[in-house]
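As a plain string of letters, each chain reads:
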Amino acid sequence: MHKTEVSIWFFNGVMLTVYGLMIGGYGVYELISGHTPPVVLAHLHAPLWWGGGLLALGLFYCVKFMPGREN
Amino acid sequence: MNVSPGALAVSRAPHALTLFFMTTMPDHMAHLAPLDVAIIAVYFAMVIYIGFYLKQRSSTGEEFFLAGREMTAWIAGLSFISANMGSLELMGWAAAAYQYGILATHWYWIGAIPAMLFLGLVMMPFYYVSKTHSVPGYLKLRFGESSRLLAAVSFAVMTVLMSGINMYAMALVMKVVLGWNIHFSIWVSSLTVAVYVALGGLRSAIFNEVLQFVLIWAGALLVPILGLTETGGWSGMVARIHHNFPGQDLTHLWRGLGSFSSNPMGVHWTGIVFGLGFVIAFGYWTTDFLVVQRVLSAKNLRAAQMAPIIGAGFKMMVPIIVILPGLLGLAVLPHLLPETLAAHVAGSYSYNAVLPLMLVRYCGPGLLGLGITALIAGFMSGMAGNVSAFSAVWTYDIYRAQIRKDAADRYYVAMGRWSTILGVLVSIGAAYLVMQFASIMDYVQALFSFFIAPLFGTVILGMLWKRATSAGGFWGLLAGTVVSVGLYLWVHFNPAALAEVALSVHAKTMAENLYRALWAWIACVLVTVVVSLFTTPKPESELNGLVYGATVIPHQEPMVLYKNHWFWAGIVIVIFFVLNLMFW
Chain A
1 MHKTEVSIWF
11 FNGVMLTVYG
21 LMIGGYGVYE
31 LISGHTPPVV
41 LAHLHAPLWW
51 GGGLLALGLF
61 YCVKFMPGRE
71 N
Chain B
72 MNVSPGALAV
82 SRAPHALTLF
92 FMTTMPDHMA
102 HLAPLDVAII
112 AVYFAMVIYI
122 GFYLKQRSST
132 GEEFFLAGRE
142 MTAWIAGLSF
152 ISANMGSLEL
162 MGWAAAAYQY
172 GILATHWYWI
182 GAIPAMLFLG
192 LVMMPFYYVS
202 KTHSVPGYLK
212 LRFGESSRLL
222 AAVSFAVMTV
232 LMSGINMYAM
242 ALVMKVVLGW
252 NIHFSIWVSS
262 LTVAVYVALG
272 GLRSAIFNEV
282 LQFVLIWAGA
292 LLVPILGLTE
302 TGGWSGMVAR
312 IHHNFPGQDL
322 THLWRGLGSF
332 SSNPMGVHWT
342 GIVFGLGFVI
352 AFGYWTTDFL
362 VVQRVLSAKN
372 LRAAQMAPII
382 GAGFKMMVPI
392 IVILPGLLGL
402 AVLPHLLPET
412 LAAHVAGSYS
422 YNAVLPLMLV
432 RYCGPGLLGL
442 GITALIAGFM
452 SGMAGNVSAF
462 SAVWTYDIYR
472 AQIRKDAADR
482 YYVAMGRWST
492 ILGVLVSIGA
502 AYLVMQFASI
512 MDYVQALFSF
522 FIAPLFGTVI
532 LGMLWKRATS
542 AGGFWGLLAG
552 TVVSVGLYLW
562 VHFNPAALAE
572 VALSVHAKTM
582 AENLYRALWA
592 WIACVLVTVV
602 VSLFTTPKPE
612 SELNGLVYGA
622 TVIPHQEPMV
632 LYKNHWFWAG
642 IVIVIFFVLN
652 LMFW
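Protein sequence lines, in the order shown, are assigned to chains A and B. The first sequence begins at 1 in this note's numbering and counts up one residue at a time. The second sequence begins at 72 in this note's numbering and counts up one residue at a time.
Excised from the complex, chain B in its bound form (with noise of 0.2 Å):
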């Protein structure tokens, strides 16, 4: 599911991905020169040419749905976050940025770093001993096909109505910034994607990824580099935003977070800590199979640990391009609106637009389709991320679980590369739909809300408890989601509980996020302790490769001090709270 912590925070806030239909904007922001639409031409022959060249390399099922596990720790971590990097999460955190300051980077550190430790140092080994095909997998291996079933299904769909909502917004937002037809954008796209990821499979849709890592990198990297040079460094940058926007508090991390009213989010330290840090991050890089599925195409389980604390690494680096352009924008472009006001002001720009508005600002022929060319870059990661992890989930706990058990590999191969052409044309299909109706996007993405906080309960206790049983994985998941869901609906009917949600009557929407999680989690917990103290446990003797404890990882040869991963993530951690108390 290609909804990280940040878009599942902003689901409800006013720069969700509904950011993009209510606008007034002028009829487009730029026009591209003929070297801008060569530099695009160029990509998109790339990566075809990349997808027809791994074909031959994805001819049985552990190729073409974990790329044959042979992927070094670079490119699975390079990947693991690229398929993360959708263009909506660039530029809704850009505008997050905009709006809320320098806060919106906790969504990139504490929302995502020591997730991403702990999946590499503790819960790796578990999926990767498994020898899992996917999240979905090692549910049925430790709790039974129920939870499987549950957690397939849900997975399955929401990917592909996800998919088909991020496609749609792109495409709007190549109607804004450069006038392009919808249905272009969106049949162009989408299926580009699917005959790359349907020829080569997983491997093609990583090296796609990486390819579009380094682009988007090469793309965005400009902007805050003329951004700070036009403003006098990163000093003169504060300067500025000071004076635009005297007595706000929008470059400090934590400074603001003792109180929900001192802030301009609205939320609470405890809420970062707990309900984004912790449940929300934990469940999203630990739980969500669209990301884990990555790691999982590791050569051997030292690769595995290592991808995703390199891509710890450049998480923490990318803010430089997404939140540092917001704040520039506050410094050189401080007339931005609300989406509500920008639909009522003719001629008017929104905060959403900010990144396309950074980008023209200091981008002329050539750099402009470099950075174009970076954001559908950065929606095709998405989507090839969307579509490779339905195909897997789908061909292996689906249709292999419920419909046919036992053909041959080859015959589940050609079910994966069908259903990752069925997965882009309902994705297509979901696009349409929510052109005609905009407001399913957001019911759609609080859907996936309601799903990962509990999800990362259920993993975490099936790993980490060898007395957590079926029953009680299969019902503490349920009673999780059902919490998460009857608290979604108090808040919608009655704004006035989010005061109870949150704790706090100063709290504000995305303060309603962060605690509903923390709640649907610990349901999800209390349930499967509870009913696993009442029903019988699976033998030690099964758990083996599932459960701590009761796990014989393998040896592992000593590594020289550069090549271990408790290194590396202790070198992480520390600059991870460098960062933090550098811009406490």
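Only chain A is shown next, with the shape it has when bound in the complex (with noise of 0.2 Å):
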């Protein structure tokens, strides 16, 4: 039987991470540069909160699930 190297879970953690980079980045440029889109309840900054939520999320995996660390 074979074992999985790199966890499923490692590869959300990683993807999770990309994306809130991505997703956060763009809500610290929204906040710095006063810019908003046309939705609804755009003062809550939610790029930012969101953003900074699966970026958090996404460390935990990967530093929980890295490959060749114990669990």
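Simulated from the structure, these hints should not be mistaken for laboratory data. Even glycine gets a Cβ: it sits at the ideal position worked out from N, Cα and C. Treat the hints with care, as some may be off.
To be verified - Straight-line Cα separation of at most 27 Å, DSS-like style, residue types lysine-lysine; simulated pairs: (1) LYS609(B) x LYS370(B); (2) LYS476(B) x LYS64(A); (3) LYS64(A) x LYS609(B); (4) LYS126(B) x LYS476(B); (5) LYS370(B) x LYS64(A); (6) LYS609(B) x LYS202(B); (7) LYS609(B) x LYS476(B); (8) LYS579(B) x LYS202(B).
Said to hold, decoys possible - Computed Cβ-Cβ distance ranges for the label pairs, DEER-style: (9) GLY34(A) x PHE638(B): 22 to 32 Å; (10) LEU21(A) x ASN651(B): 16 to 26 Å; (11) LEU21(A) x ASN315(B): 38 to 48 Å; (12) GLY25(A) x PHE508(B): 43 to 53 Å.
Reconstruct the complex from the two isolated chains, following the hints.
In structure tokens, the structure reads:
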């Protein structure tokens, strides 16, 4: 029986981290530039905190399920 | 078959998959920013990479078709419900929530949870111990070759047809929402699925389904959060709904089900409990190979039993991202029209557009890309489920059983890879067929419902009753299917017959689906029992691993409480009752 070297949870972590950086980064830009898109509740800056949440979750999974690390 | 109880039940309702065909929506709803496109591109790169990464781990039949039977309970459980979460399922049920209110939640709770727990606690030992590769394979072991062939051929044909229909409908959604070219959407998404499933088999499909499950939540959860923020929480949302739709009860699950005429669905609680909660839900969640295949990949019996229970826990939460956006739509977008009206009012939107509209309402660059990626992921997980299940049934239950019986294992793996590609190509062909003849969709979906209910009757009797014979199983399955088809045709050509099938002159289309399934199941069970009593059963020695009372379940070491599947099933069922009481 094979053992999967890279856990699916690590892949999940990578994806969430990348998305967190992209969306959170745009949220930071939105906040600094004052340019907000024409959507409802734009003043809540959802990309900033949603992106931050994705990033935090993604980093947790990346570290926890890093290849070669005992889980 | 990527047709859940929900899709089965809506198959002839106005918001079925045909919903996207008759619209005069404006050119398209939204434009993607470069950031959105980049997010979608990252997703495609990731799923293809996973396919290539897992190719080396799919060299034997056990690895390719059953992921080596080494998935943990969590992975098998998330894959189990992800394969069912097609994007049309998500959009269709958000639309149903807009049309019928919170009643749509029944298809996620009573229409799923008891059945999933039953699969884990009662049925999984037989599937798992019998070491079958598929549900038709179980029928072969229990009832013989004719039952297997009937189930396998119907499953294989319908699966690829349904996959094609979903593909076309999804491409049309992308055209309506984003203005994308239909051919581009069909070919890019389906070839991506073909690449990663053909390379990595079920393991690749499962890994991607888990990825897609996380993505669906990441992309869709923001809508209810922001929606509830806008409306002032649940009570604020309910107040707005009452204001927008005075006199209608759209926020109670059971209160209006005392009669067919006191709820917007035109159903009665008996139909919901027995038709949906028992026959349709148990039929889909315990015998549809698309979902059962995921659980068969579990690494041991304990994981196989825990997987549906974990799936049930998450399934209970899916209404947050599906039903709640529909209800929020009633609060903040009260002017959406039925499909037939929207088709005649330029610039209007129908119920069916509620989920994309809510997405566009709250999500700017980046978040919109994530939401669209969630929809694409939903479509691809459903399609991967279809083609991987098709590949296994074709290879093991049709090709090996009927055409070439004694080839080497690697030969069947190669056949599995080629049949995956073939399945995708046939699906694409079906998509183009539907493009030409849209009405085919309704008939194909109805066809699915013909098989699910009787199949459940056959399988459950086979598992629980030693006296059930091969002839009983075959004729029962055939009789149930014939009854289902007959009732469908009766109502189709004489709509007044609905009152007879659903037992009320106030019944609506939805009720017909529920009662038709119930009658088909009863017919199947009756015929199976009667024929079995007049024919010779298999000796008990041949039923080990297949039937309750004749099977030695492998001994399982005692487990601490928090790892015991009965404990977690108890937790899930308590939460299930609490939720139903909360929203009574």
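Outcome of the hint check:
Of the supplied pair hints, the one linking LYS609(B) and LYS370(B) is violated, its CA atoms being roughly 31 Å apart against a limit of 27 Å. Of the supplied pair hints, the one linking LYS476(B) and LYS64(A) is violated, its CA atoms being roughly 46 Å apart against a limit of 27 Å. Simply put, LYS64(A) and LYS609(B) have alpha-carbon atoms about 52 Å apart, too far for the 27 Å limit, and the pair is violated. The hinted pair formed by LYS126(B) and LYS476(B) meets the criterion: a straight-line CA distance of about 26 Å does not exceed 27 Å.
Simply put, LYS370(B) and LYS64(A) have alpha-carbon atoms about 22 Å apart, close enough for the 27 Å limit, and the pair holds. For the proposed pair LYS609(B) and LYS202(B), the alpha carbon gap of about 19 Å is at most 27 Å, so the pair holds. Distance check on the hinted pair: LYS609(B) and LYS476(B) sit about 24 Å apart at the alpha-carbon level, within 27 Å; holds. For the hint linking LYS579(B) to LYS202(B), the alpha-carbon distance of about 43 Å lies beyond 27 Å, and the restraint is violated.
In this structure the hint that GLY34(A) and PHE638(B) lie 22 to 32 Å apart at CB is violated, the actual value being about 53 Å. At roughly 41 Å, the beta carbons of LEU21(A) and ASN651(B) sit outside the given window of 16 to 26 Å. Separated by about 40 Å at the C-beta atoms, LEU21(A) and ASN315(B) satisfy the suggested range of 38 to 48 Å. Between GLY25(A) and PHE508(B) the Cβ separation comes to about 47 Å, which falls inside the hinted range of 43 to 53 Å.
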